[in-house]
Amino acid sequence: MASKSWSPTYLANQLWAKQPKANAELFALTYGALVAELVRDLETNDKIQAELDRMGHSMGIRSVEEFLAKASLEPQSQTAVTCSQFKDTSDVLKMALKMFLGITTEAGVQEDSHFSIQFAENPLSLFVELPPDRSDLEYSQLLCGYVRGMLEMLQFDVTVTMAQSVLRGDEVNEMRVDLNQVLQAGAGDDYQEE
Amino acid sequence: MNRLSAPTSISVNILDRPIGGRGSRSTSEQTVSLSMFSYLYSEIVQYHQNRVDSISELERKLEATGYGVGLRVLELLTFRTKDYTRETSLMNMLQFVSTTAWKSLFGKAADSLERSIDHADEYMIVDYAPITSTFVSVPADFGGLSVDAYISGMIGGMLDGAGFPARVTAHSVALEDVVLPPRKEKAVFLVKFAASVLERDAHLS
Amino acid sequence: MSQAQSALLLVIVGRNEPLYEANLLASANNPTAAQLQQSETMTRQNYFVTHSALDLVEKAAFTTHSMYLRVVDKVNQQQVSAFLTAGHTKFMLLHGGHRHRHNEDTIRGFFQDLYELYVKVPLNPLRPYDSPIRSDNFNRRVRALANRYFA
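Chains as they are written, first to last, in the UniProt record's numbering: chain A, 1 to 194; chain B, 1 to 205; chain C, 1 to 151.
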């Protein structure tokens with residue numbers, strides 16, 4: 001086995017290659033139809049984003065279960081999948097975002113209590129252009145909830161924000177993850193420990 | 001310093017992004033995981049579920065969501081063929097939906113396209129494993145829900161957009177011989193065309 | 001409408017309403033105020049002519065596979081060419097007069113490039129389907145296209 005075979009990038013690609021796929025345009029248009037409905041139903045950006053964040057959170061919980069189950073089947077995972085420390089979770093996110101969304105991410109800032117991940121392509125927003133009256137809408141808020149949900153399952157209570165967004169004119173998408181607190185392992189959490 | 005910068009396919013303005021059917025940058029080649037689609041679709045179903053009073057109302061909501069997607073997909077997929085033609089006959093349009101569009105959206109053609117024996121204005125598109133019901137579990141208290149209503153909406157949107165208005169409904173039909181797990185059912189999308197469509201089609205052919 | 005004036009007018013009509021209108025001659029040069037006023041009057045008449053041809057497009061919709069319907073109407077020296085997309089959006093181009101007697105292939109090319117531009121517009125989920133196009137970027141690009149084909 002190659003010496004780098006256990007790297008997060010390698011494992012991410014392995015996991016992604018084995019995932020059954022769906023058409024990204026169907027995904028983007030489906031998500032777009034959802035956001036358009038939320039815009040009609042909920043009107044204010046705060047409420048729309050709160051709903052997207054809630055949905056993303058729930059998807060993140062389901063995804064991390066699938067990730068842990070599938071990653072544990074990979075021979076390299078013993079060394080690659082560790083997430084007992086907050087700083088290790090950025091590698092887990094890198095793998096999970098590849099495995100579920102097919103996107104390649106890069107580490108941005110990396111500090112003790114926060115880190116950021118950057119990515120160029122955002123499958124949620126393939127066809128989106130923010131209209132002038134919604135220029136402040138965080139269209140991809142679902143991703144923030146998604147990451148929050150995943151990290152919650154790994155016992156980290158975090159706040160996730162889109163620090164940069166291509167839709168708003170930035171050169172890259174960047175999610176910033178701030179650690180609020182480490183959750184007590186096993187404290188009434190049905191999901192933890194496979 | 002940014003180590004990644006967005007490729008030219010990504011831009012604030014949609015007019016600057018390529019969407020053609022050729023080249024590695026085309027969005028038609030991109031994929032996400034099936035799980036991610038399924039998780040998203042489950043959330044959409046649950047969102048509507050909390051805002052409706054009945055199963056049929058929930059199905060109408062999913063259809064309406066799919067309808068808008070169908071209208072958009074019709075134009076995009078037709079454009080990609082780059083031959084600048086439209087479907088004008090009913091049979092060709094149904095073929096477009098069940099083959100061209102199905103392949104693009106779901107990775108394979110529909111399993112069959114059938115004409116109703118009893119009703120001349122009815123056609124059936126059959127799929128043994130539609131993406132919306134095969135991998136998405138129906139909420140327990142919504143047992144009779146046809147979760148494929150999203151796809152019927154898409155079919156309806158494509159047909160209506162092209163000038164073939166029809167009522168499209170999704171039905172689950174039990175399979176007698178279960179060949180492929182995990183489903184014991186197939187989805188039948190029943191397409192009932194407006195009378196004007198049939199008249200026009202008979203007149204043209 | 002006794003005399004045939006130069007005209008080059010584009011109207012994009014959705015299923016229910018006009019989505020975009022542009023007097024493409026206005027982009028070709030920098031007209032004076034007087035010319036602008038004259039063209040205002042002319043333009044209103046021309047819009048009327050163009051919209052009148054919509055019924056003819058509907059009639060042709062199912063008799064040919066081609067999106068490009070060529071000339072669908074003639075009024076005096078002016079012609080209305082049309083292009084009907086898969087989703088039945090209509091591109092209507094009124095052209096004519098001594099400076100704008102364009103051949104079919106030029107107009108076909110213009111329509112096809114316009115279609116490539118247009119097809120991205122309704123894909124945006126945050127834009128209601130079949131709603132007026134107010135994008136400056138779209139407007140700029142349409143005029144650039146017109147310059148390329150008709151200047």
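No lab work stands behind these hints: they were computed from the structure.
Do not rely on the hints blindly, as some may be mistaken.
[Stated by the list, open to error] So these bits of chain A aren't anywhere near chain C, every CB distance computed over 10 Å:
{"hint": "1", "residue": "8"}
{"hint": "2", "residue": "41"}
{"hint": "3", "residue": "50"}
{"hint": "4", "residue": "129"}
{"hint": "5", "residue": "134"}
{"hint": "6", "residue": "180"}
[Claimed, not checked] DMTMM-like mimics (lysine to aspartate or glutamate), calculated; alpha carbons at most 25 Å apart, straight line:
{"hint": "7", "chain 1": "A", "residue 1": "47", "chain 2": "A", "residue 2": "157"}
{"hint": "8", "chain 1": "C", "residue 1": "59", "chain 2": "C", "residue 2": "17"}
{"hint": "9", "chain 1": "B", "residue 1": "192", "chain 2": "C", "residue 2": "58"}
{"hint": "10", "chain 1": "A", "residue 1": "21", "chain 2": "B", "residue 2": "111"}
{"hint": "11", "chain 1": "A", "residue 1": "87", "chain 2": "A", "residue 2": "41"}
{"hint": "12", "chain 1": "A", "residue 1": "47", "chain 2": "B", "residue 2": "199"}
{"hint": "13", "chain 1": "B", "residue 1": "192", "chain 2": "B", "residue 2": "122"}
{"hint": "14", "chain 1": "A", "residue 1": "87", "chain 2": "A", "residue 2": "53"}
{"hint": "15", "chain 1": "A", "residue 1": "87", "chain 2": "A", "residue 2": "111"}
{"hint": "16", "chain 1": "B", "residue 1": "103", "chain 2": "C", "residue 2": "104"}
{"hint": "17", "chain 1": "A", "residue 1": "18", "chain 2": "A", "residue 2": "66"}
{"hint": "18", "chain 1": "B", "residue 1": "82", "chain 2": "C", "residue 2": "58"}
{"hint": "19", "chain 1": "C", "residue 1": "59", "chain 2": "B", "residue 2": "201"}
{"hint": "20", "chain 1": "B", "residue 1": "82", "chain 2": "C", "residue 2": "104"}
{"hint": "21", "chain 1": "A", "residue 1": "21", "chain 2": "B", "residue 2": "185"}
{"hint": "22", "chain 1": "B", "residue 1": "82", "chain 2": "C", "residue 2": "116"}
{"hint": "23", "chain 1": "C", "residue 1": "59", "chain 2": "B", "residue 2": "185"}
{"hint": "24", "chain 1": "B", "residue 1": "82", "chain 2": "C", "residue 2": "113"}
{"hint": "25", "chain 1": "A", "residue 1": "21", "chain 2": "B", "residue 2": "122"}
{"hint": "26", "chain 1": "A", "residue 1": "87", "chain 2": "A", "residue 2": "136"}
{"hint": "27", "chain 1": "A", "residue 1": "47", "chain 2": "B", "residue 2": "53"}
{"hint": "28", "chain 1": "B", "residue 1": "103", "chain 2": "A", "residue 2": "157"}
{"hint": "29", "chain 1": "A", "residue 1": "21", "chain 2": "A", "residue 2": "53"}
{"hint": "30", "chain 1": "C", "residue 1": "59", "chain 2": "B", "residue 2": "57"}
Note that CB positions come from ideal geometry on N, CA and C, so glycine has one too.
Hints, verified against the model:
1. 8: Holds, since 33 Å exceeds 10 Å.
2. 41: 14 Å, holds
3. 50: 18 Å, holds
4. 129: With a cut-off of 10 Å, residue 129 (chain A) comes too close to chain C, as the shortest Cβ separation is near 5 Å.
5. 134: At roughly 6 Å from the nearest Cβ of chain C, residue 134 (chain A) sits no farther out than 10 Å, so the non-interface label is violated.
6. 180: 32 Å, holds
7. A:47 / A:157: 22 Å, holds
8. C:59 / C:17: 18 Å, holds
9. B:192 / C:58: The given pair, whose Cα atoms are some 23 Å apart, holds under the 25 Å limit.
10. A:21 / B:111: 19 Å, holds
11. A:87 / A:41: 38 Å, violated
12. A:47 / B:199: 48 Å, violated
13. B:192 / B:122: It holds: about 5 Å lies between the C-alpha atoms, which stays within 25 Å.
14. A:87 / A:53: 23 Å, holds
15. A:87 / A:111: Given pair residue 87 (chain A), residue 111 (chain A) holds - Cα atoms ~8 Å apart, limit 25 Å.
16. B:103 / C:104: 35 Å, violated
17. A:18 / A:66: Given pair residue 18 (chain A), residue 66 (chain A) holds - Cα atoms ~13 Å apart, limit 25 Å.
18. B:82 / C:58: With Cα atoms ~22 Å apart, residue 82 (chain B) and residue 58 (chain C) stay inside 25 Å; holds.
19. C:59 / B:201: 14 Å, holds
20. B:82 / C:104: 18 Å, holds
21. A:21 / B:185: 22 Å, holds
22. B:82 / C:116: 9 Å, holds
23. C:59 / B:185: 43 Å, violated
24. B:82 / C:113: 11 Å, holds
25. A:21 / B:122: Between residue 21 (chain A) and residue 122 (chain B) the Cα gap is close to 32 Å, so the pair fails against 25 Å, i.e. violated.
26. A:87 / A:136: The hint is violated at about 30 Å.
27. A:47 / B:53: Holds - the C-alpha atoms of residue 53 (chain B) and residue 47 (chain A) are around 22 Å apart, at most 25 Å.
28. B:103 / A:157: Given pair residue 103 (chain B), residue 157 (chain A) is violated - Cα atoms ~42 Å apart, limit 25 Å.
29. A:21 / A:53: The hint holds at about 24 Å.
30. C:59 / B:57: 37 Å, violated
Hint compliance for this structure: hints 4, 5, 11, 12, 16, 23, 25, 26, 28, 30 are not met, and every other hint is.
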